[in-house]
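The hints should help you fit chains B and C onto chain A, whose structure is shown.
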Amino acid sequence: MEEKLTLFERIQKLDRRWVYIVVALAIIIPLMLPYNSDNVTSPPTENVYQMIDSFAGREDRAILLSFYHDASTMPELYPMQVAIIRHCFERNVKVFFLSFLPTGAPIIDMAINTVKEEYPHIKSGTDYCNFGYIPASLIMATVIGMGDNIANAVPTDAEGRKVENLPIMKGITNYTEMNLVVEFSGSVAGGYWLAYARPKFGTNIAVGVTAVMAADEYPYLQTGQFIGMLAGLKGAAEYEKLVDVFAAYREPGQPLIPYVDASGKKHVPGRPFSEDLLEKSDIQDLIKITTQTEAKFTPADYEKFVSTQALADQAKIRQAKTQSDGKIVIDVSKLKEDDFEAGTWSALNRMTRNTPYKFKVARIGMNAQSVAHIMIIVFILIGNIGYFIQRARTGKK
Amino acid sequence: MKKTIPLLVVILGGFIWLAWVFVPHRLLQDVFYYDFYLPWARAMAPFGMLLGVMSLSMMHYGKIRRKAPKWQYSFFFFAGFIATSLAGFIGGTQKGGLYMWLFENLQMPMSSTMFSLLAFYMASAAYKAFRARSAEATVLLVAAIIVMLAQVPLGVKISRHLPDISQWILDVPNLASKRGIMLGVGLGSVATTLKILLGIERSYLGGE
Amino acid sequence: MTFELFSNLVGAFFTLCIFSFLYKDNPLYQMSEQLLVGISLGYSLVLVYERTFIPFFVQPIFLKQEWILIIPSIIGMFYLLRFSRKLSWLSRYPIAFSMMGVGASVALAMHNSILVQMRQAMVPLESVNLALIFIGTIAVLLYFFFSKAHTGVYGKFVDIGKWFMMVGFGASFGLTVMARISLLIGRIQFLVNDVFLALKHAFFG
Numbered sequence: 001m002e003e004k005l006t007l008f009e010r011i012q013k014l015d016r017r018w019v020y021i022v023v024a025l026a027i028i029i030p031l032m033l034p035y036n037s038d039n040v041t042s043p044p045t046e047n048v049y050q051m052i053d054s055f056a057g058r059e060d061r062a063i064l065l066s067f068y069h070d071a072s073t074m075p076e077l078y079p080m081q082v083a084i085i086r087h088c089f090e091r092n093v094k095v096f097f098l099s100f101l102p103t104g105a106p107i108i109d110m111a112i113n114t115v116k117e118e119y120p121h122i123k124s125g126t127d128y129c130n131f132g133y134i135p136a137s138l139i140m141a142t143v144i145g146m147g148d149n150i151a152n153a154v155p156t157d158a159e160g161r162k163v164e165n166l167p168i169m170k171g172i173t174n175y176t177e178m179n180l181v182v183e184f185s186g187s188v189a190g191g192y193w194l195a196y197a198r199p200k201f202g203t204n205i206a207v208g209v210t211a212v213m214a215a216d217e218y219p220y221l222q223t224g225q226f227i228g229m230l231a232g233l234k235g236a237a238e239y240e241k242l243v244d245v246f247a248a249y250r251e252p253g254q255p256l257i258p259y260v261d262a263s264g265k266k267h268v269p270g271r272p273f274s275e276d277l278l279e280k281s282d283i284q285d286l287i288k289i290t291t292q293t294e295a296k297f298t299p300a301d302y303e304k305f306v307s308t309q310a311l312a313d314q315a316k317i318r319q320a321k322t323q324s325d326g327k328i329v330i331d332v333s334k335l336k337e338d339d340f341e342a343g344t345w346s347a348l349n350r351m352t353r354n355t356p357y358k359f360k361v362a363r364i365g366m367n368a369q370s371v372a373h374i375m376i377i378v379f380i381l382i383g384n385i386g387y388f389i390q391r392a393r394t395g396k397k
Numbered sequence: 001m002k003k004t005i006p007l008l009v010v011i012l013g014g015f016i017w018l019a020w021v022f023v024p025h026r027l028l029q030d031v032f033y034y035d036f037y038l039p040w041a042r043a044m045a046p047f048g049m050l051l052g053v054m055s056l057s058m059m060h061y062g063k064i065r066r067k068a069p070k071w072q073y074s075f076f077f078f079a080g081f082i083a084t085s086l087a088g089f090i091g092g093t094q095k096g097g098l099y100m101w102l103f104e105n106l107q108m109p110m111s112s113t114m115f116s117l118l119a120f121y122m123a124s125a126a127y128k129a130f131r132a133r134s135a136e137a138t139v140l141l142v143a144a145i146i147v148m149l150a151q152v153p154l155g156v157k158i159s160r161h162l163p164d165i166s167q168w169i170l171d172v173p174n175l176a177s178k179r180g181i182m183l184g185v186g187l188g189s190v191a192t193t194l195k196i197l198l199g200i201e202r203s204y205l206g207g208e
Numbered sequence: 001m002t003f004e005l006f007s008n009l010v011g012a013f014f015t016l017c018i019f020s021f022l023y024k025d026n027p028l029y030q031m032s033e034q035l036l037v038g039i040s041l042g043y044s045l046v047l048v049y050e051r052t053f054i055p056f057f058v059q060p061i062f063l064k065q066e067w068i069l070i071i072p073s074i075i076g077m078f079y080l081l082r083f084s085r086k087l088s089w090l091s092r093y094p095i096a097f098s099m100m101g102v103g104a105s106v107a108l109a110m111h112n113s114i115l116v117q118m119r120q121a122m123v124p125l126e127s128v129n130l131a132l133i134f135i136g137t138i139a140v141l142l143y144f145f146f147s148k149a150h151t152g153v154y155g156k157f158v159d160i161g162k163w164f165m166m167v168g169f170g171a172s173f174g175l176t177v178m179a180r181i182s183l184l185i186g187r188i189q190f191l192v193n194d195v196f197l198a199l200k201h202a203f204f205g
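Residue numbers (the numbering used here), protein chains in the order written: chain A, 1 to 397; chain B, 1 to 208; chain C, 1 to 205.
To be clear, the hints were calculated from the coordinates, so they are not data collected in a lab.
Ideal Cβ positions, reconstructed from N, Cα and C, are used throughout, including at glycine.
Any given hint could be a false lead.
[To be verified] Residues on chain C that point at chain A, a partial pick, calculated with CB under 8 Å:
(1) 23
(2) 117
(3) 181
(4) 188
(5) 189
[As the list claims (entries may be wrong)] 27 Å max Cα-Cα, derived DSS-like pairs, lysine-lysine:
(6) 170/A to 123/A
(7) 64/C to 162/A
(8) 63/B to 358/A
[Said to hold, decoys possible] Just the calculated beta-carbon pair ranges, DEER-fashion:
(9) 203/C to 188/A: 41 to 47 Å
(10) 114/B to 77/C: 32 to 38 Å
(11) 155/A to 77/C: 31 to 37 Å
(12) 284/A to 152/C: 56 to 62 Å
(13) 7/B to 64/C: 31 to 37 Å
(14) 114/B to 195/A: 38 to 44 Å
(15) 165/B to 278/A: 48 to 54 Å
(16) 167/B to 64/C: 52 to 58 Å
(17) 382/A to 200/B: 49 to 55 Å
(18) 124/C to 327/A: 27 to 33 Å
(19) 90/B to 358/A: 31 to 37 Å
In isolation and in its complexed conformation, chain A is listed as follows (with noise of 0.2 Å):
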């Protein structure tokens, strides 16, 4: 009894720079062995996705993102911004980028940059468009004024072309079309959209906030003013689970990039939001955050993928085909990409379901948050049955 108790008092004294050793291996290690984990999905988040998966491939809708922070809040909101254009990129849907402070800009641009390397098709001016940098002094007459035409309030985007010009803006003209604003925020979120463009126009309004400010956050959220929220770094991780499960899915054989057919009908690949699929166990295999090398097909998926790519590379994609538990397997490792042609590349790797590693940042910050958060409360539950014993100690003496 006295051994144990001399023990908690020795921990109650430890050194705290132990406990910052413990935090910092408790973070550095799952950051660098990446294991597979699952996000469950909450309203909020969910709210988001379906808003602007709606917008999918219409003409007549866009999206704003507004990037109201600087770089001290990135960890947390730069996975988040990349998920959504992500999801806008796949699903084609319009967007439009604009920062109210100069230290937003910058952001825009990495993000931009960041996710359009894994889209070619995807052009500035026809599926995004970047207003840049609008000084503080012009926030409310920029709220107000797209709330009649967007056109007019802001006249030129960030690269200096004039925006009415803008093959993007065919089929936009103001709020009705340009239906919903995210803004990204560490300090106050929707604030100016919530004051001015939503009593006025009716425009719906998400925010993208740190964690911090979420609690905070949640009477808007019960009023409707905000008709989703993205959490912190969970939010982002969650938002990026529900692009890989549904706006990045293809099937076998599906076309990789927006279509028009014959008939004029456009087609948009990948799949509508549903609750029930989230609830499946095999959508496990698309959320993996680990690197994953084979493409899994059964034998009729396989027949219609191979159909489907160049006939040049048909003949390779047999060869290289290998069986397992009734399954054909393609290990992409075991390729060379100059082998094929772009085309059979990009389709074979997108089945083999892995994602690239900035897709999944937040995913894999999550893993690290899950240990640190263990041992957070492990740490306060140490604290409190040492102070406990002790005080029960006292209490005897």
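Just chains B and C, lined up with the frame of chain A:
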């Protein structure tokens, strides 16, 4: 006398601003706001910045002159300040220049790191300071632990209902308390600004 | 060694200097701290010059010849007289000018913080949760109303507000933990990916 004129400016100007909120007349909206107030406020703004520069520079210069403890490090303040200012004024603020390089590779990493030190301090506080000394503190800790566990993927593995419980905590008690606090803060700030508007509160004018 | 790798190494060096404070206060940390303050100040000075001084002081007065703006500029310069013992009373004028805006904020704060919140809180109490939110909001509001003593039945009702606040603060704390650790994760991701792994790639292939 020295305080009266500024006080009158605040009271009269404050009432004109109050009228600006409610009266859509051209005289207030266009002439007062756009033609008078905005250009005047913008012309005054840059000099406030100079105040900060002068204050810090005088403090560090004084430290060096008096050879106060750790006076050598004040040289680093001047080095950083002069290097960045010159790089900005001479080299320009475009992306590839020295000014932005200093900002992106020195200021950004250092300020983010300052913020991230908070994580360590919080873990240390959790260990040394968070004690369930009373029933209220216990409730606080239990709510915190539930929300913390539910945020991470491990939470679902511990209990399937954990995310729902955490969502309920955020949607109901948290919302009620935040809304009550928001209303209280709103009422308080209206009271304070009303006192400033009517000239009852004069502390912003300083001493003497 | 590419320029990008060199820049990341510089960032990593100063990151580690600041982290060294966790072990002990040391000269490297002191140096980085002062450097940070100096660079931040220099950055803001140039930004203010470019985005406020030039477009709103130099251009209107000297290019567009709006000479009336010399008056607010002189009033703005009174900010600096704060350091002079004899003339520091003049620094009240620019402060007074910027405090004029409280007139508008009386009305706007009344609307945004109070009336809108009240309107949104007055919903039909259709479910248990809505009733709980209603009771909680009122109890928390009354908890801070000290003109009436918190005794008897009234005191017990107001006590409920305390419990609601404890749960609310617990939830905020849980989310704050996540936010702070995210910042640390961001830094360590930078150190692991952009520095450690890049160095490994550069030197060992």
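- Message: Given the hint of 31 to 37 Å, is the C-beta distance from residue 90/B to residue 358/A inside that range or not?
- Response: Between residue 90/B and residue 358/A, where Cβ atoms are some 36 Å apart, the hint holds.
C-beta pair residue 124/C, residue 327/A: status relative to the range 27 to 33 Å that was hinted
55 Å, violated
**Study point:** CB-CB spacing for residue 64/C and residue 7/B relative to the 31 to 37 Å hint
**Key:** 33 Å, holds
- request: With a cut-off of 27 Å on the C-alpha distance, tell me whether residue 170/A and residue 123/A pass.
  value: Satisfied, since the Cα-Cα distance of roughly 15 Å is no more than 27 Å.
- Message: Range first: 32 to 38 Å. Now tell me if the beta carbons of residue 114/B and residue 77/C are that far apart.
- Response: With a Cβ separation near 33 Å, residue 114/B and residue 77/C satisfy 32 to 38 Å, so the hint holds.
With a cut-off of 8 Å on the beta carbons, see whether residue 189/C makes it to chain A. Residue 189/C check passes; min Cβ-Cβ to chain A is 6 Å, inside 8 Å.
Would the hint on residue 181/C stand, with a C-beta cut-off of 8 Å toward chain A?
5 Å, holds
Exercise for review: Confirm or reject the claim that residue 165/B and residue 278/A have a C-beta distance inside 48 to 54 Å.
Suggested key: 19 Å, violated
| task | Verify the interface restraint on residue 23/C: the C-beta must sit less than 8 Å from at least one C-beta of chain A. | result | Since the shortest Cβ distance to chain A is 6 Å, the answer is holds.
With 8 Å as the cut and Cβ atoms as the points, is residue 117/C at the interface with chain A?
7 Å, holds
I want to verify a distance hint. Is the separation of the beta carbons of residue 203/C and residue 188/A within 41 to 47 Å?
46 Å, holds
message: 38 to 44 Å was suggested as the range; check whether the CB atoms of residue 114/B and residue 195/A agree with it.
response: 32 Å, violated
In the structure shown, a violation is registered for the earlier hints numbered 8, 14, 15 and 18, in ascending order.
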